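Asker: Letter by letter, the chains look like this.
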Amino acid sequence: MNRNSSAPPDLAEKILHGMNNHGEEFAVLGDMNEEYLSLCKKKGKRRARIWYWKQVLVHVPVFIKDSVCWSCQMFKNYLVVTWRNVKRHKGFSFINIAGLAVGMAACLLILLWVQDELSFNGFHENADDIYLAVGERVDHRGEFSDETPVPLAEPLRRDYPEIAKVVRFQFREAVIARFGEKAFTDWKGAYVDPEVFEVFTFPLYKGEKESVLKDLNGIVLTETAAQKLFAGVEPVGQMMEIEGDLVQVTGILRDIPKNSDIQVDYFRPFLSMKEIVKFRSFIWNWFSCKTFVALKKGVDPALVHPKISGLLNTNRPWSKNPLDVSLFPLKNLHLHALGGGGPIKYIYVFTLVAVMILLIACINFMNLSTAGSAKRAKEVGLRKVVGSKRLQLVKQFFMESMFFALLSAVFAVVLILLCTPLFSQLARRPLKLDPSDAGLIIGIIGMVIISGIVAGAYPALVLSSFRPVDVMKGNLLLNKGRKRGMSATGARFRQGLVITQFVLSIGLIICALFVYKQLDYMRNGDMGFDKDNLVRISIPEKHKAKAEILKTALAQSSNIAGVTAYSSMNNGGAIDWDNASGDMQYLGTNTHYQMVDFDYIETHKMEIVAGRDFSREFPSDVKSAYLLNEEAVKRWDFKDPVERRFALNKAAGSVVGVYKNQHFGLKDDIAPCVLYLSPNTDWDRFKYLTARLKAEHIPEALEDIKRIWKAHIADIPLEYHFVDEMIDALYQSEERMSGLINAFTVLAVAISCLGLFGMASFMAQQKTKEIGVRKVLGASVSRVVFLMTKETVRWVLFANIIAWPVAFFAVRSWLNDYPYRIKIGFEIFIISGLATLAIALMTVIYQAVKAALANPIDSLRYE
Amino acid sequence: MKDLTSNETAILVAILSLEKEAYGVAIKDYIAKFIHKKMSYGTLYSYLDQLFRKGLVFKALGDPTPERGGRGKIYYRLTREGMAALKSAYAHQRLISERLSELLFDKA
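As given, the protein sequences belong to chains U and Y, one line each in that order.
Residue 573 in our numbering sits at position 573 of the first sequence, and the numbers go up by one each step.
Residue 66 in our numbering sits at position 66 of the second sequence, and the numbers go up by one each step.
There may be inaccurate statements among the hints.
[As the list claims (entries may be wrong)] Just the calculated beta-carbon pair ranges, DEER-fashion:
#, chain 1, residue 1, chain 2, residue 2, range
1, Y, Phe52, U, Asp858, 47 to 57 Å
2, Y, Phe52, U, Leu406, 21 to 31 Å
3, U, Arg47, Y, Phe52, 51 to 61 Å
4, U, His17, Y, Phe34, 24 to 34 Å
5, U, Leu406, Y, Glu81, 41 to 51 Å
6, Y, Asp29, U, Leu57, 19 to 29 Å
Read the hints as simulated data drawn from the structure, not as lab findings.
All of these numbers come straight from a predicted model, not from anything done at the bench.
Built from N, CA and C at the ideal position, the CB exists for glycine as well.
Looking at chain Y on its own, in the form it has when it is part of the complex (with noise of 0.2 Å):
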């Protein structure tokens, strides 16, 4: 399995991290403020649907509401392929810190 690219790995972590709430504006809000990063709604759902294809996020219906102008939400939610995932990257990520800490931080 292929590893996920910096990009993704926000997404899953927005997604987790909003638990029930996870659609579209808060995705973007959330990666936004925590991960500073401005993605555009283009590349956000991009992304979200190529995480669908690879079966690493679930896809529900929601309601509308008066605000969206009358349409439903779209709901993502990790599936256990997408918590595997998130998990390996982040022990990847954790390996190059500390290495990266060492050789950057430890000389001085």
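So here's chain U without its partners, still in its complex pose (with noise of 0.2 Å):
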């Protein structure tokens, strides 16, 4: 360890040293040496070491004692100082503290958002290993069913080692439950197999999990459809009515969480579906019910895919549309469409929004530091002529920021706070800070870190750059040629983070004008059929007979224009056409077909562009006639529809008319549509109404509407829905993106503005003396307005035309998952330009006029 065997030991020296820094350490260091020396002769170089090292080693704690409470100290004046200058410069403070804290807690609310919708489903103990059996077509791939035949659920239990338990679940809605006076109509509820709680979390708190669902009598309820009926009696044992059906209640349910898309009112076992009794011998036939698959732990799906994917082609072995089975994982169910896409590239660009509206809170803060420098520079040469050493002033800076950093955070959670609510309505589900969620803190402080860092590393490194001497001579503020800061470097450095954020801003502008405009073609937009004013009234299946006298009386209301009754939509069926093969052609689930009457074309307002409307004028209509859709007949390339021999399903006729597609909103592709008017399949029947209001008359119609059905169905409560409004609801995540995309544009634009304001106020700072010269001289007012609003307008259409072609392909990629999309306009690029012109501008000139109004005397007189 020595170069020189009769010195002291390196380690030990370069440590005292090391703890020594004032300069004259050489001094101690030389002493030690010489007794060290002097050591070795009297006691021999063993003694001599072990001596040296006692005298490094004891002083080592108090060199650190000494280090902590002189940092301590200094932290402490940092402190002061810190907090003097919030004091002192409140109006610049709040701005920064503001803009931080706004962008932080927007961050915060879309990353607690992504964090929810994350979770839908995860909750079961077992998610991990849950997957939906889905079917896949084989001929023509990526076309998923995610129902499949009840009799899939045998061989899956009983064939394959790999799976442990399978669950399925068919659901049903606008349930009738009645107890005693209570009736509701609009339960929600679910057949399941009994082993649904063994494989599934719920929160089942009366009743056991092995047993509550074996008896068929059974049924099982959350605690809120409980309390709602039962209210006060102990439900378990009592006997209730569900669809018509008398049963016991034999368990109870805690709610089922919020994040699960299994969202029901009770559960009934599987086997007590009375369509199973009914028609047990078309059952691979009909793709009804979901079926839950729980592998055994661990085990990887993949390897279970190849086993399983003939199961449904074997058995329907008629079948002209072969199907492979594979199982899709429980916790993609919420976010991924089973062909790929899905709701979570949403899920990906709001991360990304709230990444960039943090950055745009931080380059703000960065901005606003370092503009506001020039304040702080007679501090930082006074340090450094003190003593202080560079990074000692980098240190305090970065504190400087943290503290910032810290009381943002602080702001943003209490925004947070009183945003919830309305939050919770943006994005439609309620959503709350759980203080005790350890990600949620980790996750608050991770970011006031990254944020000090980033925000701060900046500022710390200009304002601790500034040399005494420029300080005190004033020469700061002019260009010397140096690196950082004040330089022109250092400016183009400030203005490209300008930049960088009004280029943010516009991008969100630009897209969220898009969203917009989509939403609103999408819902408004040409439909094929007129949906104001119609309202869609459910007959029960208990009195379906009922459903022609119910459609004469309301015809006869002098406040409806016209009624008319239809079947709900099948899907798939088989056609044939020619008849020559007498093949039966398998249309794909993606066909619909209808029973609807003669009415149905006339009160929607659809419109023929072939052939003609049913007729009563032709009575064989009622047994033979079909209505095609322009779609089906593009799709199935019938040259010449009218007339054309066509069957459904075995039910021989031709076709009559074509007409426009109707479509209900314009999210999806439009289907190939059948309609006829006679019962095509076993459960055909009218099952809605649906009357045309005079526009003028509407609550008048809406009373005689529920007079009508009073008068002829007396035990059920009337339900109706709008149709127009039924169409919005399917545009629920798009309209909360909307929502949400328009909130965080306002914000962005609004932290950028900030962040300008400050940059502007820097500037007129920076050139109070520039404009007393040239007002002097002569300039106008108007003159020295516009000198200091050019730079802004230069910089807005700088970003201008690199935000173009990011949001014109970002906007176009998005597009492209819709059928049917609006154009790309050029005037929302424009419009959002010009916008953001307008704002910068108003958000600069306060500062130019004023400026430009200063008495050059003032300015003037420090020279």
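Mind docking these for me? Both chains are given alone in their own frames, and the hints should help you get the complex.
Answerer: Next comes the structure, spelled out in structure tokens:
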């Protein structure tokens, strides 16, 4: 370890050196050296070394304590100074903190929402091993069916050891529940296999997991549902009526957590479903239930796929439509569509937006701090003169920015608490801050640290680089060819920051506008029928015979312009044409067919583009007429559809007309559709009545409807919906996105303006002398204002140039997902650009005018 | 002017006594030998700095020697104020000593 065997230990010396940094440490080291040597002579090298080390080590704790004490002292000083600064420049500091706080709040809110969405369906204990069995068309890859035939569960349970359990769900909506005097018509429930509670973690709190659904007469209610129906009476053991069946309550569930796609009021045993009993022989044909598969722990679904993929085909040998069975993870159900894509893309978009907003806020902070640094110049100069090292100054300013970040975070949390109700409304889900959520706390702390560092790095470096000479002489603001801060390059960097802010803001504005336009188009574009003032009423199974009577009664009302009755939409089916081959052509899971009446086209004000509507003048229409929509004709390539022979599910007839596509909202691709007048499937019946109300008499019309309903159907309350409202309801996720994007665009723009405001005031300061001189030389106020604002204009224009292409690509790729989309027009880009310019100018104009009006005497006085 | 603490007095005495040879090692040894106090270099030098700041000693830089690994010594000398302080310290101590000896030994 020694270069010279009689020198004191190297390492120990170095440590000693490190602990003394006052410039005169050579004296101590020299003394130690001398004594070491004399000790070597007197007591030998070993004793000497021990002594030396002892001396060094004994002082380490003292040294540490001193450093810490001094650091604390300095820290106190920095805190005091920071606080004084904040107080002295209240406005400035407020803008800074506010900007950062808003940015943090926005970022956190989005991330909270994202976290919530990602957690959907994850609360089940076995969530990682639960999958949905789905079928994929072999010849039309990408077309999936999330519902599978009821009997699929049998072979899955029986033949595959990798599969632990299988649970089927069959959902029901608008269910009637009755107990004593109370009745509800809007219950949602599901028929489930009894193993449901062993596979899924639904919070059963009264009743045994294994046996609660064994009894076919049993029903398990959620707490709220039970409360609504039984109010105070102990529900377990009671008899109640559901869907017309008499059942006994065997268990109670605590309410299902909000982040579950499966939301029901009750569960009933799967085998109690009446259709199971009724349609035994048809069940492989009927894709009607959701079959969930729980694999044994840790089994890879990919291993199971090849084994089960043929299950549907082997059991449906008659089908011309082979389907592969595969397993889709439960956790992906909420955000990933079966064929790929799905709302998950919104998650990415929003996370990006969150980061962007935080970035804008940090950029703001950087800019404002640096811009305001002229005020701190004297302090920095003085500190350096008194002996502060650059590192200490950097530490000081970092600490300051951390302090700001922390303060902002506190405000951010307060803001979030205030905004949670508003945000929950926008996001359509209740969102709350859980203080015990460790992830949340870590997230906030992380955010504070990151923003503190990112936002504080640049100002710390700039501020600590001032030379005391420049400060004292007042040369700070001149370009003396220095590298940072006030020099030309520094200014350019700051301009770059402002431009980045504007690019982000402009981008957001453009996207927000396009989203709004697309949404509007989807909701209000031409849908092939008139959706205003249409009311749809559902006719309960029990009273299906009364459909005709109700229709006639309603049609007689003077407040109602027309009524039509129709069945629910059927999917799939088989057609054959030409009858020559006698072969059935399978239409695909996406073909719709529906039983309607003569007035369907009329009442909906749809358009016939070829042939004719159904008409009472042609009595044969009832049995053999078909109406096809344009899409059907296109897809099946019917050259001459009118009067073509056509058969649906073996019911032979011919096409009498083609109608313009009827869209329910322009969100999805239109499917081919076939309309007919008499029942084609076993369950075709008139399930809905749709009435067009006269616009001037809507309340009266509703009264009529209620009256007529009550007259014919006493025991079941009326349920009606406005068709346009139903269509709007389809756009929940788009609406949500639109609302959120709008809110955040406003935020981003606000934050950018804050930043611009700060920059403008700094520039105004910088140019005071220049303006003074100009005014003395004869410049007018407007000329000065022009000079001050032309920079801003340049920046905004430049930001536009960058933002437009980026926004264009982003919007185009989003719109590509929609089969019906708006054209990407130039107007929106120009509007955004102009709007941003206007906002920017407004922000800057105050400072510019103030500076231009200043008295040159004041600004030139200090020369 | 504040009174000197006993450590400070000890150091000043050592410096006075060592005349031209008053530097780190020598002062430390002197105090250890004649005043029976074991001071570490850390303590010693912080006192020396303090005395210097109070204006009671001068500092002078000496030549480097090989025994010190090529580093120089810092020699200390009393200033006039230092001398005065020592004298007044001596006077005080004498008073105290006299009183004490009366109390402690005359009784016996």
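Asker: Next, verify each hint and record whether it holds.
Answerer: Verification of the hints:
no. : hint                           : in the structure
1   : Y:Phe52 x U:Asp858: 47 to 57 Å : holds (50 Å)
2   : Y:Phe52 x U:Leu406: 21 to 31 Å : violated (42 Å)
3   : U:Arg47 x Y:Phe52: 51 to 61 Å  : violated (33 Å)
4   : U:His17 x Y:Phe34: 24 to 34 Å  : holds (31 Å)
5   : U:Leu406 x Y:Glu81: 41 to 51 Å : holds (50 Å)
6   : Y:Asp29 x U:Leu57: 19 to 29 Å  : holds (22 Å)
Hint compliance for this structure: hints 2 and 3 are not met, and every other hint is.
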